[in-house]
Amino acid sequence: MATQAQGSGPVSAVLMAGLAGLVISLAIAFMNLLSGGHSAFNTGSDGVSWGLPVVNYVFFALTSTGLTLVSSLAMTFGNKGWYPIAKRCVWLSLVTLVAGFASLALELGHPFRMLWAIPLNAQLVSPLNWMGIFYAVFLVLGILKFMRIHNGDWNSSTSKQIGVAALVTELLAGGMLGMAFGAMAMRPMWYGNLVPLYFILTAACTGAAFAMLVTYLSYGSEEAMPGQVRSLMQGALPTAFAGLLGITILVIGYRTVIGLWSNADGLQVWDTIVASPWFWIEAALLIGAFWLLLQRRALALASVMVIGGFFIDRYEFVIGGQLLPLFKGSWVPDLIAYTPSTTEWMLTLMAFSIVLVGWALGERMFNLGAVPRD
Amino acid sequence: MAKWGMVIDLEKCTGCQACSTACQMENNRLPGENYQDVLYYTEGKQPTPTLKWFPRPCMHCEEPSCMHVCPTKATYKTEDGVVLIDWDKCIGCKYCMIACPYGVRFYTDEKALIEPNIKQVFKGDGDLSWNPPYKGPQQDPKHGVGIQPNGVVSKCNFCYHKISKAPKGVADLDESNPELVEYVPACVRTCAPKARYFGDLDNPNSQVSRLISDKQGTRLLDHTGNKPQVYYLTGGGAAGSAVPGTRSNKKA
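Top line first, the protein sequences correspond to chains A and B.
Here numbering that gives the first Met the number 0 is used: the first residue of the first sequence is 0, the next is one more, and so on.
Here numbering that gives the first Met the number 0 is used: the first residue of the second sequence is 0, the next is one more, and so on.
If you are wondering where the hints come from, they were derived from the structure by calculation, not from laboratory data.
Treat the hints with caution; some may be incorrect.
Pairs of lysine to aspartate or glutamate, DMTMM-like flavour, derived with a Cα cap of 20 Å [unchecked claim]: (1) B:110 - A:45; (2) B:118 - A:45; (3) B:44 - A:333.
Away from chain B, derived, C-beta distances all over 10 Å, residues of chain A [to be verified]: (4) 41; (5) 185; (6) 259.
Don't be surprised by glycine CBs; every beta carbon is placed ideally from N, CA and C.
So here's chain A without its partners, still in its complex pose:
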């Protein structure tokens, strides 16, 4: 294993910011949850069942899938130019998955019961069951893979096999998460057999965005980057990212137009989504980031824009699919109104803080910029 120059980026500042976010979010969230239970959320039986904590989970779990895809370019598909960010991506795929799990655990009614109830009573036809299994298996494989490469074993057959297994598991998990929504024929906005593909495509975008952002944060500037890293950050990474993002923007556009065009009962949710300023903020962020990537300018900013844009996209998807009232009568005469509570936003802050702290600790402790010698 070769050790590249240690980054000179604002790792300490990010660590402090993350810790502050973690303390604040956990303090407020636990105070509200312990005093009022899940009534601290704005979810309800007559409204939205899956609120912002589930949006957080979907966002970070898919980001984990995306980061594994990015890391696989070097470690599975042999593109050596991508090695400088591979270890960082493996580490971050674990951290983002933990962040997603943490948000989901605080949303579940009985998170500890899940640990025995799912293995002992697994419902084999439930997408949620398989999604949980695949992400749990990935967590183990991802840890094993990281330990291997941290100890310098990048290319042994065992290490490669673990990497391939981790990639396949992550793809299955992300696809199964898509199926959890796409199989719901009673929710017209979600329903569709291409939702798993949409999730994997958008996962790759957020994975690439996080990979680019933390690489930039590791070194502080392109001038401070080692040659291999700078070459990747000025060449293949923004090019591939721009292509991926361009295709995804088109897909989002077509999904939106189809939703607006259709007269099917339930798809009028798209009218509400497009009427919201958040939709146009998302569009501006993604298109703006695409332009920056094409220009290869302000890449860190472009990454932040993509992360923000896709968080809005996940929110619109998860919440939008539930806005249609199912047999609620005159109690809910139109689409359901939902605004996340302070506690729910604190779980979002918590999840982002976990990622910041996790990345910064990894940067400090595990030399995430390492590359193989050969």
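With chain A held as given, fit chain B onto it using these hints.
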């Protein structure tokens, strides 16, 4: 083994909500969270608005999507065709609430649907969500019967604590039969215009089977493939015709 099902005659239903009230009392439900509800819809504007209503219990589907999505098999179907929830296995993921096309499931650990929050007045013992003053004697978490615990999902159980004790082989649980009245679901027993019938759908001689056959019973949202075991007699037309589409709702 019987396959229990219900028939609701919409031409008889007056929308009086006696069924909902009986359900609330029988199943220790919080205000606004009755397993059985009559939904009201207002169409048109003054001076000619129209009030419509639609009684809606859990459909106890033959192919329940709620059961198929449950990752822990907490939602299950009994041999006698009733869809139940094992509260001891439920992890509160709420996927069943997402997957139910009929919106008949409740997660009690949330803001009160109706204020003031009566859970704060009658605080529950242990894990139970509240301590209703009129609670029934039965508490059977394996069948989702009794006071709903925190952190789990609940729904109509066809008053399983009653129907499971009915004599074997009966074709119908008819409230007018003194020998069977104690086994009749609360909503059926209390229905003043006798718009509800409860019996064995697999028995061709049961009253429910004859009504479905003679009066062309229809099922709600049959296109979903869930195959409800609750049938509606409409006098012609589809079940749920009182329920406006959400697009027409928007325009109203």
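Under the constraints set out in the numbered hints, which ones does this structure not fulfil?
4 and 5
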